[in-house]
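S.K.: With the hints as constraints, model all of the structure from the sequences given.
Under our numbering, think of the first position of the sequence shown as 62, with each following residue one higher.
Honestly, I wouldn't trust all of these hints.
DSS-like, lysine-lysine: derived pairs with alpha carbons at most 25 angstroms apart [as the list claims (entries may be wrong)]: (1) K360 to K239; (2) K239 to K213; (3) K360 to K213.
Label pairs and their calculated CB-CB ranges [what the hints assert, rightly or not]: (4) L153 to S117: 37 to 47 angstroms; (5) D100 to S314: 49 to 59 angstroms; (6) V281 to M325: 28 to 38 angstroms; (7) W104 to F313: 53 to 63 angstroms; (8) I330 to C90: 21 to 31 angstroms; (9) Y336 to D119: 33 to 43 angstroms; (10) R97 to S277: 43 to 53 angstroms; (11) R97 to I330: 48 to 58 angstroms; (12) L153 to C90: 33 to 43 angstroms; (13) A345 to V281: 14 to 24 angstroms; (14) R361 to Y336: 35 to 45 angstroms; (15) H359 to S314: 43 to 53 angstroms.
In case anyone wonders, no lab produced these hints; they're calculated from the structure.
Where is the CB? At the ideal position from N, CA and C, for every residue including glycine.
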Amino acid sequence: MNTAATSDDLSQRAQMLQRVSAVLACPECRQVLEQRELDANHWLQCAACGYRTPWSNDQLNLGGFPDDVADGDWLNRAKQAAKKRFGRYYPLAIELLSPICMTSFRREFLRRFDAQTQLVCDLGSGTSSYDDQVLCIDGSAYESVHITANLKQLPLRDESIDGILSIAVLEHVPDPDKHVAEMHRVLRSDGQVCCYVPFMQGYHASPHDYHRFTVSGLRVLFQAFEIELVEVGAGPTSALLWMLQEWLALAFSLGSRRLYQLIMPLTWILSPLKYLDLLLGRHAEASVTAAGIYVIAHKR
Numbered sequence: 062m063n064t065a066a067t068s069d070d071l072s073q074r075a076q077m078l079q080r081v082s083a084v085l086a087c088p089e090c091r092q093v094l095e096q097r098e099l100d101a102n103h104w105l106q107c108a109a110c111g112y113r114t115p116w117s118n119d120q121l122n123l124g125g126f127p128d129d130v131a132d133g134d135w136l137n138r139a140k141q142a143a144k145k146r147f148g149r150y151y152p153l154a155i156e157l158l159s160p161i162c163m164t165s166f167r168r169e170f171l172r173r174f175d176a177q178t179q180l181v182c183d184l185g186s187g188t189s190s191y192d193d194q195v196l197c198i199d200g201s202a203y204e205s206v207h208i209t210a211n212l213k214q215l216p217l218r219d220e221s222i223d224g225i226l227s228i229a230v231l232e233h234v235p236d237p238d239k240h241v242a243e244m245h246r247v248l249r250s251d252g253q254v255c256c257y258v259p260f261m262q263g264y265h266a267s268p269h270d271y272h273r274f275t276v277s278g279l280r281v282l283f284q285a286f287e288i289e290l291v292e293v294g295a296g297p298t299s300a301l302l303w304m305l306q307e308w309l310a311l312a313f314s315l316g317s318r319r320l321y322q323l324i325m326p327l328t329w330i331l332s333p334l335k336y337l338d339l340l341l342g343r344h345a346e347a348s349v350t351a352a353g354i355y356v357i358a359h360k361r
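M.R.: Written out as structure tokens, the structure reads:
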């Protein structure tokens, strides 16, 4: 965690964690987790199975990736180095340098909720934090994450969340059906989910990469929900640019993995071309070669 966090940041995080403590569930048996004082220490403990973990006003550890899994991937190591270099500006740097131009659907979705009375969760949030009032859960202990957890067995009670945001996560889990079932379980009746997934994108393990999704495939995946819409989240220029950058790094690296890793950042100079998707992404046939698509659905 970032030791340079301000007192206001820590206060906001503490308030969020105290708020969410009322809906936490044991990651082992899904029974109620309660705050308890034991041996002068503050714990979260499950009375049913005995599971316990230290309470923190900064970040709760309720599972997640083992450190050696996250550190074993070169892309993840590169991200860690970039985060140290850019600090809180890392998400902005990624926004500018990435070949992907997403539409404004994330912010528009969050505006549907009253942050003071409704609980919205970003599952697989990574380094992103769209709003201080959004609960961030991830498998890795990034600075912006409130709770580290296994996304296949969320440490949340049934029907406890009003909204779920999931951005570029399902491709990284081996069994997306189980993850979507967990979304359905923790959402309240008529709760809403917004889920973005890749379609035409290159392999990007962080730490793993398993799936790609079509419009029809996304509808099947969320068939237990009432689907409001499925639309393009990142257009065809983003897809083409991703492939072009990868191709250029391959073509000029002369078979060397080390040279490939050195050349790849140089291709980011082409990234501004992605903003052509502000026009092309609106085309009626853009979903045929879109970089990514998203669904907004309601729990029945």
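S.K.: Would you mind confirming whether the straight-line C-alpha gap from K360 to K213 stays at or under 25 angstroms?
M.R.: holds (18 angstroms)
S.K.: Measuring from beta carbon to beta carbon, are R361 and Y336 in 35 to 45 angstroms?
M.R.: holds (38 angstroms)
S.K.: Measuring from beta carbon to beta carbon, are D100 and S314 in 49 to 59 angstroms?
M.R.: For S314 against D100, whose Cβ atoms are near 56 angstroms apart, the range 49 to 59 angstroms holds.
S.K.: For K239 and K213, compute the direct alpha-carbon distance and say whether it is at most 25 angstroms.
M.R.: Given pair K239, K213 holds - Cα atoms ~6 angstroms apart, limit 25 angstroms.
S.K.: Hint says 37 to 47 angstroms; check whether the CB-CB distance for L153 and S117 agrees.
M.R.: Given about 27 angstroms between the Cβ atoms, the range is violated.
S.K.: Using the Cβ atoms, figure out if W104 sits within 53 to 63 angstroms of F313.
M.R.: At 55 angstroms between Cβs, range holds.
S.K.: Note whether the CB distance of Y336 and D119 lies within 33 to 43 angstroms or breaks it.
M.R.: holds (37 angstroms)
S.K.: I want to verify a distance hint. Is the separation of the beta carbons of I330 and C90 within 21 to 31 angstroms?
M.R.: Violated: the Cβ-Cβ distance is about 52 angstroms, outside 21 to 31 angstroms.
S.K.: Please test the hint of 48 to 58 angstroms on the beta carbon pair from R97 and I330.
M.R.: About 55 angstroms separates the Cβ atoms of R97 and I330, which means 48 to 58 angstroms holds.
S.K.: Is the distance from the Cβ of H359 to the Cβ of S314 consistent with 43 to 53 angstroms?
M.R.: About 47 angstroms separates the Cβ atoms of H359 and S314, which means 43 to 53 angstroms holds.
S.K.: Holds or violated: 43 to 53 angstroms for the Cβ distance of R97 and S277?
M.R.: holds (49 angstroms)
S.K.: Between K360 and K239, does the CA-CA distance stay at or below 25 angstroms?
M.R.: Roughly 16 angstroms separates the two Cα atoms, so the pair holds.
Figure legend: structure checked against the earlier numbered hints; hints not met, in rising order: 4, 8.
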